[in-house]
Amino acid sequence: MRDIQKRARSDFTVKDRVVEHPGRYQMVPVAGTTDTYDFVAVPGTVTEAGTDLSKGNLLTDATAALFGLGEDAVPDDALVNIRSLIDDLPTIETGTYTGTGTTTSTAPNSVVLSKPCKLMFIFPSGSGEVGTFPVFRYTEDYVQWAYYSAGTTQGYAKKSEDGKTISWYVTYQFTTIDQFNSSGVVYNYMAFVEA
Amino acid sequence: MRIIRIEPNQGESYPSPQTVLRNDVPSGYAQIDESVDLTQFYASGGFVALTLTDGVVTGYTADPAAWAAWQAANTPDDQEPTTEDRMAALEAAVLEIALGG
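Protein chains in written order, with this note's numbering: chain A, 2 to 196; chain B, 158 to 258.
Treat the hints as calculated values from the structure; they're not laboratory data.
Please note that the accuracy of each hint is not assured.
[Stated by the list, open to error] So the derived list for chain B, only partly shown, Cβ under 8 Å to chain A, looks like this:
no. : residue
1   : S173
2   : Q175
3   : G202
4   : G203
5   : A206
[Unchecked claim] To spell it out: a stretch of chain A is covered by chain B in this simulated footprint if at least three of its residues, at any positions, have a beta carbon under 8 Å from a beta carbon of chain B; those stretches are:
no. : region
6   : 61-68
7   : 111-121
8   : 181-187
Since the model is a prediction, treat every value here as computed from it, not as a measurement.
Positions of the beta carbon are idealized from the N, C-alpha and C atoms, including for glycine.
Pulled out of the complex, with its shape left as it was, chain A reads as follows:
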C-alpha cells in the first residue's frame, strides 16, 4: 500500500504561499449599495503562489481508493478508516508459567488471557526441553493439535467458551516435555489476542 501511495503522490509537493503583504486587503464598495464592501487582497509582490487548498490536494482519489473509499471521500473518512484498521489489529499478550510435571486429560495445562485468543506459542526455557511451538486449532471441545518438534499429534487442546482460556494435554504415552509441563521448567507464552 505504501508503494502505491508513494507513486500516486510522487509528483506532489506542498508549498506555502509567500507574498509581500499577507494580511493586506482593500475594501471595495459593492455597486448599487451604500454599506456593503468586498475585501480584495492586495498582496504586493507574490514570491510563491503556494499550493491550493483543494479536495484533491488533501485526499487524492487514488489514496481514497486504497481505503475502499469513493471519489467523494474526505480526509476524515480516511482517518476513521485508519482508526478502524488499528482497532482490528490483534495484540500480543505474554506471560510465564512453571511446569508441574503432570500430563494426560486429568491434568491439563491451561493459560488464561485477557482477551479471546487467536493463536498462542509456548517457548520452554529449560536446556533439556525441546524448543517448539504448538499451533492450536481452538474449539470449545478438545481436538488434536499438531506441533513441530516431535512430529506427533497425540496432544489435545481447547479454548473456553469466551475464548480466553486455552487448555491442553498429551496422552499418557507422551512426556511432560510434550505437554510443555516439565516440573520446574519455566515456559514463556506469547498469544495473539483479539483487539
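Following the hints, complete the assembly by docking chain B onto the known chain A.
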C-alpha cells in the same frame, strides 16, 4: 502478578500458576500473594489445597501422597510410539485441517 485457577483439574491437581503483566484477576482465578513460596506446590505436582483469604491465595497445603498416587497411576509407557504411528497421526491431523475439521 501471579494468578491461579481456583478450581483444580479433574485429577485434583492445579494447573500451573501464571505470571502475568496485567493487574486484573480473571473470573475463576485468584491472585497469589507475593509472600507465598510455591516451591512445595511444584514439588507436589500441583496437588495442593489452596488457602484463600478475601479471594487471595495466602497459602497452601501440599498433598505429596496424592502426587505419588497420581504418578503411580500415570506411569508413561516404556515403549515409545513408532514413527509409523506418529506419521499416521500427523497425516490424519493434516487431513482433518485440510478438510476444515
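Original post:
So which hints don't hold here, by number, going up?
Top reply: The structure breaks hints 5 and 6; every other hint is satisfied.
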